[in-house]
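**Q** Spelled out from the first residue to the last, the chains are:
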Amino acid sequence: MAVLRRNLTAYGFLCAALFCFAVFAWYPMIREFILSFQETNLIDPPTWVGLDNFEYAVGYPGFTEAWIATLQFTFLALVCGFVVPFVVALVLNELRHARAYLRFVVYLPVMLPPIVAVLLFRWFFDPGPGLFNQILGFVNLPALAWLDSPATALISLVIVSTWMNMGSATLIYLAALQNIPPELYEAAELDGAGVFKRIRHVTIPQTRLILLLMLMLQIVATMQVFIEPYMLTGGGPAGSTVTVAYMMFQFAFTNQNYGVAGALGMMLMIVLLVFAAFQLRLTREDKA
Amino acid sequence: MKRSTGLLVASVLGLSATACGSGEPAEPTAGGAAKVSITVACQPAKSAPKERQAWDDDVAAFMKAHPNVTVKSTDQQPCFDPKTFGPKLAGGQMETVFVVPVTNYDDVIAQGQAMDITQLTSEIKNWNDLRQDVRDLVTKDGKAYGVPNVHYGVGLVYNRKLFTEAGLDPNTPPTTWAEVREAAKKIAALGPGYVGYGEYSGGNTGGWHFTQALYGRGGSILTEDNKKAAFNSPEGKAVLQTLHDMRWIDNSMGSKLLVDWESLMVAMGSGKTGMMLGAPDVVTDVVGKFKGNVADYGITGFPEAKASLSGGEAYMINPKATPEEAKAGMQWIDFRFNTVGKGRFDYARGKANGNPVGVPDNAVYGDSPTGQAIQADRVKNASLPVENYDPYVKASATIPPKAEPLHAQEIYAILDVAMSGVLSDKDADIDKLLADAETKVNAVLAAKG
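Respectively, the protein sequence lines represent chains Z and B.
Numbering of the first sequence is given in my numbering, commencing with residue 1 and proceeding in unit increments.
Numbering of the second sequence is given in my numbering, commencing with residue 1 and proceeding in unit increments.
Simulated from the structure, these hints should not be mistaken for laboratory data.
Note that this is a predicted model, so its numbers are computed, not measured.
For each residue, glycine too, the CB sits at the ideal point set by N, CA and C.
Some clues are possibly wrong.
What the hints assert, rightly or not - The calculated label-pair distances, taken between Cβ atoms and stated as ranges, are:
{"#": "1", "chain 1": "Z", "residue 1": "33", "chain 2": "B", "residue 2": "406", "range": "26 to 36 Å"}
{"#": "2", "chain 1": "B", "residue 1": "190", "chain 2": "Z", "residue 2": "215", "range": "45 to 55 Å"}
{"#": "3", "chain 1": "Z", "residue 1": "5", "chain 2": "B", "residue 2": "35", "range": "51 to 61 Å"}
{"#": "4", "chain 1": "B", "residue 1": "93", "chain 2": "Z", "residue 2": "8", "range": "48 to 58 Å"}
{"#": "5", "chain 1": "Z", "residue 1": "21", "chain 2": "B", "residue 2": "91", "range": "14 to 24 Å"}
{"#": "6", "chain 1": "Z", "residue 1": "91", "chain 2": "B", "residue 2": "78", "range": "26 to 36 Å"}
{"#": "7", "chain 1": "Z", "residue 1": "19", "chain 2": "B", "residue 2": "248", "range": "35 to 45 Å"}
{"#": "8", "chain 1": "Z", "residue 1": "270", "chain 2": "B", "residue 2": "406", "range": "31 to 41 Å"}
{"#": "9", "chain 1": "B", "residue 1": "218", "chain 2": "Z", "residue 2": "139", "range": "14 to 24 Å"}
{"#": "10", "chain 1": "Z", "residue 1": "19", "chain 2": "B", "residue 2": "61", "range": "15 to 25 Å"}
{"#": "11", "chain 1": "Z", "residue 1": "131", "chain 2": "B", "residue 2": "342", "range": "47 to 57 Å"}
{"#": "12", "chain 1": "Z", "residue 1": "278", "chain 2": "B", "residue 2": "93", "range": "34 to 44 Å"}
{"#": "13", "chain 1": "Z", "residue 1": "33", "chain 2": "B", "residue 2": "373", "range": "38 to 48 Å"}
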């Protein structure tokens, strides 16, 4: 009876989670799939149009540029968003004082609503009184256009994204680092290994699985970048920050073309599924 | 990022196709008339208590005059939001009476998202006094789909105080683009942070203002048959060249790109931006929402204008409304928005409430008897310096209106690139920007057939 009651409680929690997934994740995905093959004004019954929406999206001016911008953003966000949190975690792990305080400080941006963080950076990037140009001026460096130049707009968005998201990644890396047996470091030290050799031969191999997992999760997350271009650049300047997710938004809510938006969403999902499958395979190989 | 996309996917794709009617079967009242309940959009927000009270008073007066009709108001701000328009319709949440800006007339009508009200126009007592060219904008294949509520043309909004500080005469504002450039240079020279001329470049607002400037110079976005792009022309090049030169040679446009409607409004409201293309409602918004000092702003005619992009909005009826609801909705539109001295034209009440009265922000009735009566009432109750808007009123009378291009929003998104291109790159190749945009617009037109 006790076992049954315990299982019932577990099933209760499971049902709640399944309900949330069904309503907020699976149903929208199924709707997206259906929508991508339909033309609809959301009033009259939709008409089936086969692959027309996909053809329209692929032939749409700016489609290729949007994918290139998305991949560029993903690459840059990985360079910053993958390496920086790992380095920060390494430093935090080595600290002997104020660890809890610094962990809190690193995690703080994650607790800010994204919209607040983005608006904060809008001021930081302001070409006039913005914080970043004030700092550059203080050290006698020329001001940058940040969001207002096609050359720097995308990297500016990467900076925002990294700042907003690095807290979670840092804590995950830190947890992985703390699970490494200290004897391994002691043995390496006895063998005369310096800091970099210890990282290379102990830390990285011991955290390989979590590093791979985070790499794939970050690829999946960064390829869906939307808030940053929507709030900060409106896709500009000169279209340099129109990402696939931003283009999807434009089709759905500006052009009222839900079918093409759905087709774009499907394409993005397929690309991300490929990454996810790759990640699963790597993880299995690693376990084997 | 993941959080944002989750929301995006849920909102973009979780659109239920469940069609919900907006009303229930009508029940007869004791007097015989069928009971009907309607929802109406655009009730002022709680943050504007006086305007909200005036609205609620109008609702009460309307229901007293129409005892069979129950009116429920919604206060979503802004009244029309393209991001929620489709989902609201699909989810049965759209009001019986809703507002649509002129930019979206074609799309809403073409997609069957507004009711054909041709048989109900008799409910609008001044229908025939509404300007024919404005009614044409909401007419397709001889059928009317909306009641024009506001109509205006483009002008040059300017800060009179900055003109004075820069040694310019605010009573003789620029009438040519060369004069605009000179004035902008002098205002920018006032010091750091001063911008002579502000312009949009993103979020579709860049393409929208490119179209305004292009129309003013006599150009067109599309060919007559709407089959090809027509903006890669001397007029289109002149628009971009002027902006490029003001930004990079004169340094009179500041260094910050303005990527949405609000950004330029904030800049104008700050009192440090001298001029912008805009309609009279810009003055109302800058003063009412962005803390601008009302006495500082004037509006003059669109420089060298050969045509002016039509701006404004119309009220439309939910296509799912029952005939009784549609009729009651039209009666509400007539009562609140088309009665001289009542509802939104109750200027005496507006003045008593401290609202800015006097901006010539509505030419929907033109010079008709209704239009003249409204204008007389507005001047009589003006709380603003109406003389600041005289140059606009005089100039606008001679500038023909011109409608938005077909597929406006998609074209504006493409033209954003050209606008932000010249404003973000000193070495921008204007010919290439226009040629690229032309290729893209032609591709969109070809795909749409």
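**Q** With reference to the structure, classify each hint as holding or not holding.
**A** Structure-based check of each hint:
no. : hint                      : result
1   : Z/33 / B/406: 26 to 36 Å  : 31 Å, holds
2   : B/190 / Z/215: 45 to 55 Å : 52 Å, holds
3   : Z/5 / B/35: 51 to 61 Å    : 54 Å, holds
4   : B/93 / Z/8: 48 to 58 Å    : 38 Å, violated
5   : Z/21 / B/91: 14 to 24 Å   : 21 Å, holds
6   : Z/91 / B/78: 26 to 36 Å   : 47 Å, violated
7   : Z/19 / B/248: 35 to 45 Å  : 57 Å, violated
8   : Z/270 / B/406: 31 to 41 Å : 33 Å, holds
9   : B/218 / Z/139: 14 to 24 Å : 50 Å, violated
10  : Z/19 / B/61: 15 to 25 Å   : 47 Å, violated
11  : Z/131 / B/342: 47 to 57 Å : 52 Å, holds
12  : Z/278 / B/93: 34 to 44 Å  : 42 Å, holds
13  : Z/33 / B/373: 38 to 48 Å  : 57 Å, violated
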